[in-house]
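Student: Below are the chains, spelled out letter by letter.
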Amino acid sequence: VSDRTALTEATSRRTFLRKGAVAAVSLPAVASLAACTETRAASKPDSLAKAPATPAPAAPVLTARQKADAMDAMHEKGLKAFPAKTAGKGNQLLAPRLEQGVKVYELTAEEIQWEVEPGRTVKAWAYNGQVPGPQIRVREGDRVRVKLINKLSQSTAIHFHGLELPNDQDGVPFITQPPVKPGESWIYEFTVPNAGSHMYHSHHNAAIQVGAGLLGAFIVEPKRARPAHRADVDYVMVLNDGAHGYTLNGKGFPATEPIVCNQGQTVRLRFMNEGMMIHPMHLHGMHMTVIAKDGWDQPAPWKCDTLNIAPGERWDVLVKATNPGTWAFHCHILPHAESEHGMFGMVTALVVQKPGVA
Amino acid sequence: VSDRTALTEATSRRTFLRKGAVAAVSLPAVASLAACTETRAASKPDSLAKAPATPAPAAPVLTARQKADAMDAMHEKGLKAFPAKTAGKGNQLLAPRLEQGVKVYELTAEEIQWEVEPGRTVKAWAYNGQVPGPQIRVREGDRVRVKLINKLSQSTAIHFHGLELPNDQDGVPFITQPPVKPGESWIYEFTVPNAGSHMYHSHHNAAIQVGAGLLGAFIVEPKRARPAHRADVDYVMVLNDGAHGYTLNGKGFPATEPIVCNQGQTVRLRFMNEGMMIHPMHLHGMHMTVIAKDGWDQPAPWKCDTLNIAPGERWDVLVKATNPGTWAFHCHILPHAESEHGMFGMVTALVVQKPGVA
Amino acid sequence: VSDRTALTEATSRRTFLRKGAVAAVSLPAVASLAACTETRAASKPDSLAKAPATPAPAAPVLTARQKADAMDAMHEKGLKAFPAKTAGKGNQLLAPRLEQGVKVYELTAEEIQWEVEPGRTVKAWAYNGQVPGPQIRVREGDRVRVKLINKLSQSTAIHFHGLELPNDQDGVPFITQPPVKPGESWIYEFTVPNAGSHMYHSHHNAAIQVGAGLLGAFIVEPKRARPAHRADVDYVMVLNDGAHGYTLNGKGFPATEPIVCNQGQTVRLRFMNEGMMIHPMHLHGMHMTVIAKDGWDQPAPWKCDTLNIAPGERWDVLVKATNPGTWAFHCHILPHAESEHGMFGMVTALVVQKPGVA
Numbered sequence: 086v087s088d089r090t091a092l093t094e095a096t097s098r099r100t101f102l103r104k105g106a107v108a109a110v111s112l113p114a115v116a117s118l119a120a121c122t123e124t125r126a127a128s129k130p131d132s133l134a135k136a137p138a139t140p141a142p143a144a145p146v147l148t149a150r151q152k153a154d155a156m157d158a159m160h161e162k163g164l165k166a167f168p169a170k171t172a173g174k175g176n177q178l179l180a181p182r183l184e185q186g187v188k189v190y191e192l193t194a195e196e197i198q199w200e201v202e203p204g205r206t207v208k209a210w211a212y213n214g215q216v217p218g219p220q221i222r223v224r225e226g227d228r229v230r231v232k233l234i235n236k237l238s239q240s241t242a243i244h245f246h247g248l249e250l251p252n253d254q255d256g257v258p259f260i261t262q263p264p265v266k267p268g269e270s271w272i273y274e275f276t277v278p279n280a281g282s283h284m285y286h287s288h289h290n291a292a293i294q295v296g297a298g299l300l301g302a303f304i305v306e307p308k309r310a311r312p313a314h315r316a317d318v319d320y321v322m323v324l325n326d327g328a329h330g331y332t333l334n335g336k337g338f339p340a341t342e343p344i345v346c347n348q349g350q351t352v353r354l355r356f357m358n359e360g361m362m363i364h365p366m367h368l369h370g371m372h373m374t375v376i377a378k379d380g381w382d383q384p385a386p387w388k389c390d391t392l393n394i395a396p397g398e399r400w401d402v403l404v405k406a407t408n409p410g411t412w413a414f415h416c417h418i419l420p421h422a423e424s425e426h427g428m429f430g431m432v433t434a435l436v437v438q439k440p441g442v443a
Numbered sequence: 086v087s088d089r090t091a092l093t094e095a096t097s098r099r100t101f102l103r104k105g106a107v108a109a110v111s112l113p114a115v116a117s118l119a120a121c122t123e124t125r126a127a128s129k130p131d132s133l134a135k136a137p138a139t140p141a142p143a144a145p146v147l148t149a150r151q152k153a154d155a156m157d158a159m160h161e162k163g164l165k166a167f168p169a170k171t172a173g174k175g176n177q178l179l180a181p182r183l184e185q186g187v188k189v190y191e192l193t194a195e196e197i198q199w200e201v202e203p204g205r206t207v208k209a210w211a212y213n214g215q216v217p218g219p220q221i222r223v224r225e226g227d228r229v230r231v232k233l234i235n236k237l238s239q240s241t242a243i244h245f246h247g248l249e250l251p252n253d254q255d256g257v258p259f260i261t262q263p264p265v266k267p268g269e270s271w272i273y274e275f276t277v278p279n280a281g282s283h284m285y286h287s288h289h290n291a292a293i294q295v296g297a298g299l300l301g302a303f304i305v306e307p308k309r310a311r312p313a314h315r316a317d318v319d320y321v322m323v324l325n326d327g328a329h330g331y332t333l334n335g336k337g338f339p340a341t342e343p344i345v346c347n348q349g350q351t352v353r354l355r356f357m358n359e360g361m362m363i364h365p366m367h368l369h370g371m372h373m374t375v376i377a378k379d380g381w382d383q384p385a386p387w388k389c390d391t392l393n394i395a396p397g398e399r400w401d402v403l404v405k406a407t408n409p410g411t412w413a414f415h416c417h418i419l420p421h422a423e424s425e426h427g428m429f430g431m432v433t434a435l436v437v438q439k440p441g442v443a
Numbered sequence: 086v087s088d089r090t091a092l093t094e095a096t097s098r099r100t101f102l103r104k105g106a107v108a109a110v111s112l113p114a115v116a117s118l119a120a121c122t123e124t125r126a127a128s129k130p131d132s133l134a135k136a137p138a139t140p141a142p143a144a145p146v147l148t149a150r151q152k153a154d155a156m157d158a159m160h161e162k163g164l165k166a167f168p169a170k171t172a173g174k175g176n177q178l179l180a181p182r183l184e185q186g187v188k189v190y191e192l193t194a195e196e197i198q199w200e201v202e203p204g205r206t207v208k209a210w211a212y213n214g215q216v217p218g219p220q221i222r223v224r225e226g227d228r229v230r231v232k233l234i235n236k237l238s239q240s241t242a243i244h245f246h247g248l249e250l251p252n253d254q255d256g257v258p259f260i261t262q263p264p265v266k267p268g269e270s271w272i273y274e275f276t277v278p279n280a281g282s283h284m285y286h287s288h289h290n291a292a293i294q295v296g297a298g299l300l301g302a303f304i305v306e307p308k309r310a311r312p313a314h315r316a317d318v319d320y321v322m323v324l325n326d327g328a329h330g331y332t333l334n335g336k337g338f339p340a341t342e343p344i345v346c347n348q349g350q351t352v353r354l355r356f357m358n359e360g361m362m363i364h365p366m367h368l369h370g371m372h373m374t375v376i377a378k379d380g381w382d383q384p385a386p387w388k389c390d391t392l393n394i395a396p397g398e399r400w401d402v403l404v405k406a407t408n409p410g411t412w413a414f415h416c417h418i419l420p421h422a423e424s425e426h427g428m429f430g431m432v433t434a435l436v437v438q439k440p441g442v443a
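Chains as they are written, first to last, in my numbering: chain C, 86 to 443; chain S, 86 to 443; chain L, 86 to 443.
Hints may be right or wrong, so weigh each one.
Under the rule of at most 35 Å between Cα atoms (straight-line distance), these lysine-lysine pairs were calculated in the DSBU-like manner [as the list claims (entries may be wrong)]:
id : chain 1 : residue 1 : chain 2 : residue 2
1  : S       : Lys-236   : S       : Lys-208
2  : L       : Lys-188   : C       : Lys-439
3  : L       : Lys-232   : L       : Lys-208
4  : L       : Lys-388   : S       : Lys-232
5  : L       : Lys-388   : C       : Lys-405
6  : L       : Lys-165   : S       : Lys-236
7  : L       : Lys-162   : S       : Lys-208
8  : C       : Lys-188   : S       : Lys-439
9  : S       : Lys-308   : L       : Lys-388
10 : C       : Lys-308   : S       : Lys-439
11 : S       : Lys-439   : C       : Lys-232
12 : C       : Lys-208   : S       : Lys-162
13 : C       : Lys-188   : C       : Lys-405
14 : S       : Lys-174   : S       : Lys-236
15 : C       : Lys-388   : L       : Lys-174
16 : S       : Lys-232   : L       : Lys-405
17 : C       : Lys-162   : C       : Lys-439
18 : L       : Lys-405   : S       : Lys-388
Since the hints were derived computationally from the structure, they do not count as laboratory data.
Given only the sequences and the hints, what does the whole structure look like? Please build it.
Tutor: Structural data, given as structure tokens:
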């Protein structure tokens, strides 16, 4: 079905890329819409009388095709790197310690270095060295104890966003508790009241502290599983746009994590927005069936391919993975997902594997 | 359930706060993430030979704990001030004058001074000296007359946003009427056609005029009350983000108004966005059941704890006040609600009182 | 019902406008809120000794009423110009060529000049010389071939946003196909899988390319029409906020297109957001019944007058045109719709004609 017309340009991409130094100089210029007009790489005509007798060598003129090839090479490089390895992985399931029937979790807040994309490492404030913090997964009715240990230079506190807790466990300094000072700790303890995809995050100096990484997923399984919600893969996707840039689970493309399943399986996605902007997530190739909002079942599931997720919201969807292939999955505010240098930020893929294919 | 580790810092918060002058100098520096590194308050080592023989006294070095205490003190101050008194109150119910069965309202648009938060007074364009303008509350089928008196320096007009009026009452200058000039007046008269949470606001130079305060709630009770929508408290919350900053009913925290009810009661909230940005309002401790959009019943109520409200939208929700306590209630775009100096802007509280407790 | 108080100003608008030159100088100053204080038009007291003996004539002082009149005149001018003629019309239905039962479409991407509003012409990247590109309208189960011819200076590709195609037709360079180089072409061919209001657009350097105009509507009629969705008028409205400013179907007010119907008819609107921001579209005078999201029927239709449309989303609504008149229809982020110079950008009108009235 593909049909490419013959090249009208003599210089092929390979020939061009062999001109290493020139390409390197030219890339920044290429990566700009303004560069559609002819661009000379770092050459300035010398009009001064004192100019040397031997003229400077003429800088090469890039053809439109060469410039397109250079841009495409940058795009290809990013996609070929996906999923790129980086130090650190957030949102890892945290196993509780059991103490007389209570599930005990320890969350240590401290400053770390966090590699968002290959080679881009930023200062982060993290729980247990992860951005997002470790995933907590419990069941309705569980007794849970969370010990917060504050190794930050600021006071902090944890709010369990979405859980309908007794007021003194709500984590809002000067309303429900004192702030937890640097070097101190605090214990939250409660019986888990309501199922759903919830979050935990700082509620003290929160615009800064949550933006810096003090956030995580708090998933509560219902006492009785809903058969209609059965899924083969259960994936939490935390969206963020704070101090670390546009991220999915703490990483920017190409360091984001693909979601992998087999054809015919059902994937449950739990979107959570911990940022300051909306992010309409668009899935290619298949639709999503929206089953819950903020942990509460929708009265009737509904379908879409682009789901707008606002700060503080959680949306649960099911994807029936009928369509095999690697499918782009990204925020459809395009400047959150692609620049002239290629895809970045809030981009990942849903990989639907055919049976018998690894 | 609370367990604070021993202080590792010798200087207590009280001792620190007694050092008034030093604290005052240091606060701006403290209130910055950059200040996590050691900061010297206004001290510069004097390296010049001409320095006086008697050395300047060493400036005090703030410890991390002192800086945390200083930041916390700012946060505490804001919360302790809530609800702070300010001059003026918007959104007050306006009683009509009855003229031969017609409910007559007068709205005078003029420039006023408006205190948004304690000590922050801004220029506003207001109806009847209030931001939001006075609340109009009528019933489906009522005959209503609204006289607009323009004491502004610009022309203006009123659009009844959400009401399905005859075209000549729609309030759009040069489409449905001439602009109402400075010093002139205009009369709107109609039979109220459709129930719901609606708004009235300027539709002339509206980006400026609505942003400056020319807006109000227009509530239409249905002819037949819906038993499922019965509420003990009916509260209108107008969101804005224009010239006066981030406000709820014209005030920024801590001058916002808490919503108060008794445990077991049902609260109806009518969100209205008169701003230019989305505001996902997050309620702590309980969920909201969404019953209407733009005045129209949703086909099936649905639940959430974070409701995204876009400009021009109105959403009605019910909250069953089961959980006693003072619950934070704020926009979850965190920079609309909290800075390093503490909470501000779009923050209020839902106060659920236990029976027998004032 | 209208009642204007007597003019307190002697100078009428007509008299004022006759002072052509003065008005022209003064308008920019008038068009600013700061100009509420007295403004002198381009007059500077000459304090130099070398000043001519004959003093400069005193500049006229505009009264508040004159300034209001001047602003109103700008607003009136825009509204009277609506719908203004401009060169070019986007979103025009593209008739396919039939080849052995296959509907064949050709889309040529190239740079054009595009008149957004009268006198404002911008550089655009367009399919077939239109912004939005030509509307493609097919039926579920149709066999479709789309030939993309790239006459741009960059590589490109087409993603059929919302269609659940085989992976190799998904249009994402380096994932599902190579980029289509300048001067080359590419053929997509598929059996149309799912009904609904979909889109096609570039998926290569897309933040730039879609923003520059490489986008269009791809409507798929269902195999069996739903009687409840029957409409007399079927109108596609593509929202955009990229390089060309705030536009509806590629044009800014007053060059936007009114939607015209007869009283009693049903209008189906298909909103599509190809921009980077939300746009809550507000219809005056009547409500909208939301029937589909991203091409999928909503489980139960619901009503509103302001519908928030996020980037990448499509929403289908029905409007029962019960209320005769010309109704403003605009984005309710007011700075997307009105400035002090009058309405602009994302504004159009729904015109409901009375029977027997042209």
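Student: Run every hint past the structure and note whether it holds.
Tutor: Verification of the supplied hints:
1. Lys-236/S / Lys-208/S: holds, 15 Å
2. Lys-188/L / Lys-439/C: holds, 30 Å
3. Lys-232/L / Lys-208/L: Holds - the C-alpha atoms of Lys-208/L and Lys-232/L are around 24 Å apart, at most 35 Å.
4. Lys-388/L / Lys-232/S: holds, 30 Å
5. Lys-388/L / Lys-405/C: holds, 29 Å
6. Lys-165/L / Lys-236/S: holds, 27 Å
7. Lys-162/L / Lys-208/S: Roughly 30 Å between the alpha carbons, so the hint for Lys-162/L and Lys-208/S holds.
8. Lys-188/C / Lys-439/S: Given pair Lys-188/C, Lys-439/S holds - Cα atoms ~30 Å apart, limit 35 Å.
9. Lys-308/S / Lys-388/L: This hinted pair holds, its Cα atoms lying about 19 Å apart.
10. Lys-308/C / Lys-439/S: Judged against 35 Å, a Cα distance of about 29 Å means the pair holds.
11. Lys-439/S / Lys-232/C: Roughly 29 Å between the alpha carbons, so the hint for Lys-439/S and Lys-232/C holds.
12. Lys-208/C / Lys-162/S: holds, 30 Å
13. Lys-188/C / Lys-405/C: holds, 33 Å
14. Lys-174/S / Lys-236/S: holds, 20 Å
15. Lys-388/C / Lys-174/L: Answer holds: Lys-388/C to Lys-174/L is near 33 Å, not above 35 Å.
16. Lys-232/S / Lys-405/L: Holds, because 31 Å separates the two Cα atoms, which is no more than 35 Å.
17. Lys-162/C / Lys-439/C: Holds, at about 26 Å.
18. Lys-405/L / Lys-388/S: holds, 29 Å
The structure is consistent with each of the numbered hints, conforming to all of them.
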